[in-house]
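Engineer: Chains as they are written, first to last, in the numbering used here: chain B, 1 to 251; chain W, 1 to 160.
Some hints could be false.
Claimed, not checked - Only pairs whose alpha carbons sit at most 25 Å apart, straight line, appear in this in silico PhoX-like list of lysine-lysine:
| no. | chain 1 | residue 1 | chain 2 | residue 2 |
| --- | --- | --- | --- | --- |
| 1 | W | LYS4 | B | LYS128 |
| 2 | B | LYS128 | W | LYS59 |
| 3 | B | LYS143 | B | LYS128 |
| 4 | B | LYS122 | W | LYS98 |
| 5 | B | LYS122 | W | LYS151 |
| 6 | B | LYS122 | W | LYS59 |
| 7 | W | LYS107 | B | LYS122 |
Hints in this document: simulated from the structure, not taken from any laboratory.
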Amino acid sequence: MNEQAIKDLLYKLADDQLILGHRNSEWTGFGPILEEDIAFSSMAQDKIGHSLAFYTLLQELGESDPDTVAFTRNANQFHNSQLVEQPNGEYDFSLIRHFLYDNAEIIRFEMLSQSSYEPIAKVATKLKGEVKYHVLHANTWIKNLGTSTEEAILRLQSSLNEALPYALGMFETSKYEQELIEAGIYAGEEAVKTEWLKRIQAVIEKTDLKLPDLESIKPKYGGRYGEHTEHLQPLLDEMAEVFKIDPTAEW
Amino acid sequence: MLTKEHILTLLEEVKDPEIPVLSLVDLGVITGVEISEEGHVTVNMTPTFAGCPAMDYMKKDVERTLVKHGIPNYTVNMTFDNPWDSNKLSEKGRQHLKEFGLAPPPKYDLILDLDILEHVACPYCDSEDTTLRTPFGPTLCRSMHYCNTCKQMFEQFKPL
């Protein structure tokens, strides 16, 4: 088994969770209503907990400890998709991103719970149950707001159009893709994307939103290979601010 | 001579820090106790939610309790080997939750569907005419509901 292939997969999963967890946490104290403030804060807590589970598996494969990995790398060492590092924007953008991301994430975890690599299968089996609540939350709000006022529908549609190129970037293939698929470790990005399209389409059909023709959209790739937008490094600097004052501090 | 039953009885003392009526044994986060021939005690635990900040505290509480009862040789492992789900809550635990004013999670068979998440009996008046307000409550393991009969908000320990 090529350990590099497994590490690449784990970094991608962990980094997506960590970065989106931090973006979600930025809603704490700023949510449009109290319940949404709490929802995004709770999802932040879940996602950062999930990233810890994956960084722990990386540590078992010889990488540094989770705090060091999370707080000392530069942007070009992160494997998250560019979707998760985008600034929160208005609530409509955060909601659309949450909808597009979490619907893909649950499929990843469902598929990974069948992985031939047992440590990943165990973690994914645990996490998929938790993400069910994130998907329920996203789908409920998209259905409610996507059938409500003209302004809500216009805003969501505009955010959907803006987020889609980045969302398609989530499915950028790894250079180890074929190897992982053949070893039964991961079903692969194409399989995840096909199922994702079906699920988001089913929700969007119940609203007044329209899914643009995805064939005509150029995906924003690069994130999985360390190429990021200008938004990631400032986020990492802020995340690591306290850790870097004294990396050896006991908490 | 130490027995598994004895250790489990001791661990009944350890309560969920946020739900003090619920022991870790009834919560189902203690997934196994092993005692070696030399008397080394191994306790396996699994988190309810992966990001639950109370898990570290609970692990230390288990360690403190073992020491307090004169068990110096122990290992407490936190693993996902036997992942937690809400069916692991004991009947006693469910009863305690309800008395505490928290709706216990319904037991489900294999598949946890949306119907189970959305329709919960009110812990105050037992009405089933309730509405899920948000799956995210004051802690990761609780959701918020409204009872259309007695007109009260209530929390549920989420099914997982």
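Engineer: Against each hint, give a clear statement of whether it holds in the structure.
Structural biologist: Outcome of the hint check:
1. W:LYS4 to B:LYS128: 32 Å, violated
2. B:LYS128 to W:LYS59: 24 Å, holds
3. B:LYS143 to B:LYS128: 22 Å, holds
4. B:LYS122 to W:LYS98: Since the Cα atoms of B:LYS122 and W:LYS98 sit roughly 31 Å apart, the hinted pair is violated (cutoff 25 Å).
5. B:LYS122 to W:LYS151: Distance of about 41 Å is beyond 25 Å: violated.
6. B:LYS122 to W:LYS59: Holds, because 20 Å separates the two Cα atoms, which is no more than 25 Å.
7. W:LYS107 to B:LYS122: 22 Å, holds
The structure is inconsistent with the numbered hints 1, 4, 5, although it conforms to all the rest.
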